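Could you build the full structure based on these sequences and the hints that come with them?
Protein chains: 2
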Amino acid sequence: MKEYTVAVVGATGAVGQKMIETLEVRRFPVGRLVPMASARSAGQTVEFRGRSVEVIEARPEAFEGIDIALFSAGAKVSRALSPEAVRRGAVVIDNSSAFRMDPEVPLVVPEVNGETALSHKGLIANPNCSTIQMVVALKPLYDRFGIERIVVSTYQAVSGAGGKAIEELLDQTRARLAGGAVSPSVLPVASLPVHHPIAFNVLPQVDVFEDNGFTKEEMKMVNETRKILNDPEIAVTPTCVRVPVVTGHAEAVYVETKRPFSLDDVYGLLRSAPGVALVDDPASQRYPMPLEAEGRPEVFVGRVRRDLTHPRGLNLWVVSDNLLKGAAYNAVQIAELLVERGGLP
Amino acid sequence: MKEYTVAVVGATGAVGQKMIETLEVRRFPVGRLVPMASARSAGQTVEFRGRSVEVIEARPEAFEGIDIALFSAGAKVSRALSPEAVRRGAVVIDNSSAFRMDPEVPLVVPEVNGETALSHKGLIANPNCSTIQMVVALKPLYDRFGIERIVVSTYQAVSGAGGKAIEELLDQTRARLAGGAVSPSVLPVASLPVHHPIAFNVLPQVDVFEDNGFTKEEMKMVNETRKILNDPEIAVTPTCVRVPVVTGHAEAVYVETKRPFSLDDVYGLLRSAPGVALVDDPASQRYPMPLEAEGRPEVFVGRVRRDLTHPRGLNLWVVSDNLLKGAAYNAVQIAELLVERGGLP
Numbered sequence: 001m002k003e004y005t006v007a008v009v010g011a012t013g014a015v016g017q018k019m020i021e022t023l024e025v026r027r028f029p030v031g032r033l034v035p036m037a038s039a040r041s042a043g044q045t046v047e048f049r050g051r052s053v054e055v056i057e058a059r060p061e062a063f064e065g066i067d068i069a070l071f072s073a074g075a076k077v078s079r080a081l082s083p084e085a086v087r088r089g090a091v092v093i094d095n096s097s098a099f100r101m102d103p104e105v106p107l108v109v110p111e112v113n114g115e116t117a118l119s120h121k122g123l124i125a126n127p128n129c130s131t132i133q134m135v136v137a138l139k140p141l142y143d144r145f146g147i148e149r150i151v152v153s154t155y156q157a158v159s160g161a162g163g164k165a166i167e168e169l170l171d172q173t174r175a176r177l178a179g180g181a182v183s184p185s186v187l188p189v190a191s192l193p194v195h196h197p198i199a200f201n202v203l204p205q206v207d208v209f210e211d212n213g214f215t216k217e218e219m220k221m222v223n224e225t226r227k228i229l230n231d232p233e234i235a236v237t238p239t240c241v242r243v244p245v246v247t248g249h250a251e252a253v254y255v256e257t258k259r260p261f262s263l264d265d266v267y268g269l270l271r272s273a274p275g276v277a278l279v280d281d282p283a284s285q286r287y288p289m290p291l292e293a294e295g296r297p298e299v300f301v302g303r304v305r306r307d308l309t310h311p312r313g314l315n316l317w318v319v320s321d322n323l324l325k326g327a328a329y330n331a332v333q334i335a336e337l338l339v340e341r342g343g344l345p
Numbered sequence: 001m002k003e004y005t006v007a008v009v010g011a012t013g014a015v016g017q018k019m020i021e022t023l024e025v026r027r028f029p030v031g032r033l034v035p036m037a038s039a040r041s042a043g044q045t046v047e048f049r050g051r052s053v054e055v056i057e058a059r060p061e062a063f064e065g066i067d068i069a070l071f072s073a074g075a076k077v078s079r080a081l082s083p084e085a086v087r088r089g090a091v092v093i094d095n096s097s098a099f100r101m102d103p104e105v106p107l108v109v110p111e112v113n114g115e116t117a118l119s120h121k122g123l124i125a126n127p128n129c130s131t132i133q134m135v136v137a138l139k140p141l142y143d144r145f146g147i148e149r150i151v152v153s154t155y156q157a158v159s160g161a162g163g164k165a166i167e168e169l170l171d172q173t174r175a176r177l178a179g180g181a182v183s184p185s186v187l188p189v190a191s192l193p194v195h196h197p198i199a200f201n202v203l204p205q206v207d208v209f210e211d212n213g214f215t216k217e218e219m220k221m222v223n224e225t226r227k228i229l230n231d232p233e234i235a236v237t238p239t240c241v242r243v244p245v246v247t248g249h250a251e252a253v254y255v256e257t258k259r260p261f262s263l264d265d266v267y268g269l270l271r272s273a274p275g276v277a278l279v280d281d282p283a284s285q286r287y288p289m290p291l292e293a294e295g296r297p298e299v300f301v302g303r304v305r306r307d308l309t310h311p312r313g314l315n316l317w318v319v320s321d322n323l324l325k326g327a328a329y330n331a332v333q334i335a336e337l338l339v340e341r342g343g344l345p
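Heads up: the sequence lines are chains X and W, in that order. Under the working numbering, the first residue of the first sequence carries the number 1, and numbering increases by one thereafter. Under the working numbering, the first residue of the second sequence carries the number 1, and numbering increases by one thereafter.
No lab work stands behind these hints, which were simulated from the structure alone. It is possible that some hints are incorrect.
Pairs count within a copy or across copies, as identical chains cannot be separated in the list.
Stated by the list, open to error - Here are the computed lysine to aspartate or glutamate pairs in the DMTMM-like style, where the Cα-Cα straight-line distance is at most 25 Å:
hint : residue 1 : residue 2
1    : Lys216    : Asp231
2    : Lys216    : Asp281
3    : Lys258    : Asp307
4    : Lys216    : Asp280
5    : Lys164    : Glu292
Predicted model, so just to flag it, every value in this text is computed and none were measured.
What follows is the structure, given as structure tokens:
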């Protein structure tokens, strides 16, 4: 079997580390792993297949000879370096928001619109974590019944904001338990002037605000859902909220279908949907939770119930590991799809 | 000024303690405070106006001479003892769910339907915490524009499940930080067989499940909202979720009004609404959060934004101290209303 030289850009970050782990766990045909990061992190090592591999600086020349480059180092790095990687013959799978809405760039969730990956021009975008898990859960319902609108509230883990946000949650929690003061410096958005405590708190801000009063995270859910489902009409009303959870995003999703559904059909579709694990047994108090989703590749769906007030209304509770299906795992799945279906040069 | 003999039933519980604090802070005309609890807790003391007051056992005879009895000891105790208190001439303000949907019993949020308290027959019900803060925020919009439907997701603090749930969150958090195992025994519902960890997790179950797939907490939001707004047609679609927060419930509320609104009107109404504090300035990252609401009597509203997909759709983020406006403070407000408007015998 052919093997590939695979770069991971942002290799020392929360998602980058999961990308490397996922390449190993999924036995992706990696001939050589090239972990890259900023000059500051170059020289560190990462573990891959039981060996330490040195992290090199991500520079244009470093992409010579790379077949596949998984980027997860923020939009700025992606904008600067991914064209350089593509120019040198690499196929880039980019986890940042830099190119997601570019009409030339496929935005891919393999279970939902995998075929679009094959029309890439060197660059494929990995969607936002909150969007991925929602569309995986909704795709089978969308195909069968159509979807008119979605109202979604998220319960997002801090690891979505990176390793420093995880540290901040844990440090603040320790300080609060000891009765001490906390000095937030990372959440909700590290680059903004104001920070709020996350320990024993919830923050109704994920990413920066746009002029319409929605945050960028919320607008990603609106726009990326439309692009992935290839449906510019679908209405999405999101509220994105950070909660004091390390890993695992949860979402309360209200959906209005276009055509009538039976609950039996909904259960049947979710049970057989690719990438979905139905966990729904109120009698034994079984439903998805972030702690149980952590480390798992599936999108967990539960609390499936017909709305009491609208004949085509349906409520779902959707949970997934934001670092895996929401980021690293989805990116590696895209790479696998390219290998299997001839999407690499 | 006339003074009253006031009983607090459940005086050693999380809400009972806040009731006693609130009576003191609000300078309610208490002539004598009679804290009551189960036989197990009788003999303990509570602090009131700088003095220790002994807790007595809540028994039928204990209500002789009581003018006002604030109950917060669970539905079972309310069902058994509140008729005994009423028979002995007390007016009961009951924080449990026992009588809320009884058509003979007013269900009162003073800012919303205070006048209904005056038609009481000895018993007045205090609504569910999640419902109270939502209807206080929505009342001015309801009056001006009408409300067709509400889709709400809650982020509920553990103190809503009592003092033992607070201890469980803190103990589990300490154990998890130390890398230890946790053995949940209180949340989501102490009396049910299955318990899930709450530290660094979220639980999509508050109270027991009903046959329709909704929890009792969710159905309280549906039914109590209708009763308080005196509108059996209003549609409420709730998802109630417990988060690792000690005190302060948050809610992502999506509303569809009956008549068109302007955002300026909405801001104006919320700014002048009784009991509401508008905290809404995305540019300076100001919005309501549980940690800032703790200990405050107001209902905080922010993230006010017009829905992008429905011309009469509006999004709000509503936060309040679940032990205060959600319970103790609302109950004391009802007592104040009775005093001021001649609602006591």
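Comparing the hints with the structure gives:
Within a single copy, Lys216 and Asp231 get their C-alpha atoms as close as 20 Å, which meets the 25 Å cut-off; across copies the closest is 36 Å, which misses it. For the identical chains of this complex, Lys216 and Asp281 are inter-copy neighbours only, at 16 Å across copies versus 35 Å inside a copy, given an alpha-carbon limit of 25 Å. Within a single copy, Lys258 and Asp307 get their C-alpha atoms as close as 14 Å, and across copies as close as 20 Å, so both meet the 25 Å cut-off. In this assembly of identical chains, the alpha carbons of Lys216 and Asp280 lie at most 25 Å apart only when taken from different copies (17 Å versus 32 Å within one copy).
With identical chains, the CA atoms of Lys164 and Glu292 are at most 25 Å apart both within one copy (23 Å) and between copies (23 Å).
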